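Take these sequences, add in the hints, and give me the full structure.
Just so you know, we're using my numbering here: the sequence shown kicks off at 1144 and counts up by one.
Honestly, the hints are just simulated from the structure, not real lab data.
Because the structure is a prediction, the values reported are computed rather than measured.
Treat the hints loosely; a few may be bogus.
Stated by the list, open to error - 20 Å max Cα-Cα, derived PhoX-like pairs, lysine-lysine: (1) Lys1298 / Lys1245; (2) Lys1245 / Lys1305; (3) Lys1168 / Lys1399; (4) Lys1356 / Lys1298; (5) Lys1305 / Lys1168; (6) Lys1391 / Lys1428; (7) Lys1310 / Lys1400; (8) Lys1399 / Lys1310; (9) Lys1400 / Lys1305; (10) Lys1298 / Lys1243; (11) Lys1400 / Lys1326; (12) Lys1233 / Lys1243; (13) Lys1360 / Lys1444; (14) Lys1360 / Lys1448.
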Amino acid sequence: IATLYRPSPFHNFEHACHVTQAVVKMLSRVVQPKKIDADTLTYKQDKESLELHQFTYGITSDPLIQFSVAISALIHDTDHPGVPNSQLVKEETGLALLYKNKSVAEQNSVDLAWELLMEDGFKDLRNCIYTTQDELDRFRQLIVNSVMATDIVDKELGAARKSRWNKAFAEDGDERDITEKQKIQRKATIVIEHMVQAADVSHMMQHWHVYIKWNEKFFRECYKAYLTGRAEKDPSEGWYNGELGFYKFYVIPLAKKLETCGVFGVSSDEFLNYAEANYREWELKGEEMVARYLENFNRDKASGKLII
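Have a look at this one:
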């Protein structure tokens, strides 16, 4: 997988590892190790475990979900070109045409990673993941759903996710048309989607220095795209306000949803507290940081350290 990632400033294998670590950490807050029988490596079938299974919509007692979410995080930006889907569509690239202008980078990532997994050399790994067609189909669906969840720009996908959330978690959500099992599966799907989304922007819900490190990397990627004619606008001109808006309308609401779904305990408070603290600090220091990003970029470009 590492070899399939490009050396982009932000969307690279280091980012994939960071997202994977974040999602594994989130899973560890859901899955309680004391619920696992160390001798048989199976989940204990006691009353408390059953209650935990129901409370977490089955995620605690489903290793396939846990593995699928982790592997999805690792592959979610495979072969990312360093520009958004909108640019790939505008350029009418082969990938954009292949995927009919829908979630271009995400679909490509899934296909490349899946093709790799299906190679003969990974037969033993595949036999560990699934042994029946049903398990294979479910694994594939979990991978696709999780990676597609990282496309937060597609309005159609966003509307579908919002509709599922409202039906499952809103106080006035109407779930009369489905069975209890379907209700749990729907909520599990939603929790998984939001877990992956949160992991993808986890640097924004961590310590300020972690946030700034990754924010500068993303700025470099966008500024490089601008200088090479693959972006219309100079990102430095709107970066400060863009970050404030992204926090206000996406990151902070996402952190609140993690709290609402109820499976992460105090972790959701941690995500929200960091997000709000970073928002306030960016409000004070953001313009200064953008100027520093530009200065660092131009210095590295002039020294030959950064090649455009």
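Consistency of the hints with the structure:
The hinted pair formed by Lys1298 and Lys1245 meets the criterion: a straight-line CA distance of about 10 Å does not exceed 20 Å. Simply put, Lys1245 and Lys1305 have alpha-carbon atoms about 18 Å apart, close enough for the 20 Å limit, and the pair holds. A threshold of 20 Å between alpha carbons decides the hint, and for Lys1168 with Lys1399 the separation of about 18 Å falls inside it, so the pair holds. Taking the CA atoms of Lys1356 and Lys1298, the gap is about 29 Å. The hint is violated against a cut of 20 Å.
Proposed proximity of Lys1305 and Lys1168 is contradicted: the alpha carbons are some 25 Å apart, above 20 Å. At roughly 16 Å between alpha-carbon atoms, Lys1391 and Lys1428 fall within 20 Å of each other, so this suggested pair holds. Restraint check: the Cα-Cα separation between Lys1310 and Lys1400 comes to about 14 Å, which is no more than 20 Å; the hinted pair holds. A hinted pair counts as satisfied when its Cα atoms are at most 20 Å apart, and Lys1399 with Lys1310 qualifies at roughly 17 Å.
The straight-line distance between the Cα atoms of Lys1400 and Lys1305 is roughly 11 Å, inside the 20 Å bound, and the hint therefore holds. With a C-alpha separation of about 15 Å, the suggested pair Lys1298 and Lys1243 falls inside the 20 Å cut-off, and the hint holds. Between Lys1400 and Lys1326, the direct Cα distance comes to roughly 18 Å. Compliance with the 20 Å bound is thereby established for this hinted pair. Distance restraint check for Lys1233 and Lys1243: the Cα-Cα separation of roughly 12 Å lies within the 20 Å cut-off, and the hinted pair is therefore satisfied.
For the given pair, Lys1360 sits about 14 Å from Lys1444 by alpha-carbon distance, which is consistent with the 20 Å threshold. At roughly 14 Å between alpha-carbon atoms, Lys1360 and Lys1448 fall within 20 Å of each other, so this suggested pair holds.
Checked against the numbered hints above, the structure breaks hints 4 and 5 and satisfies the rest.
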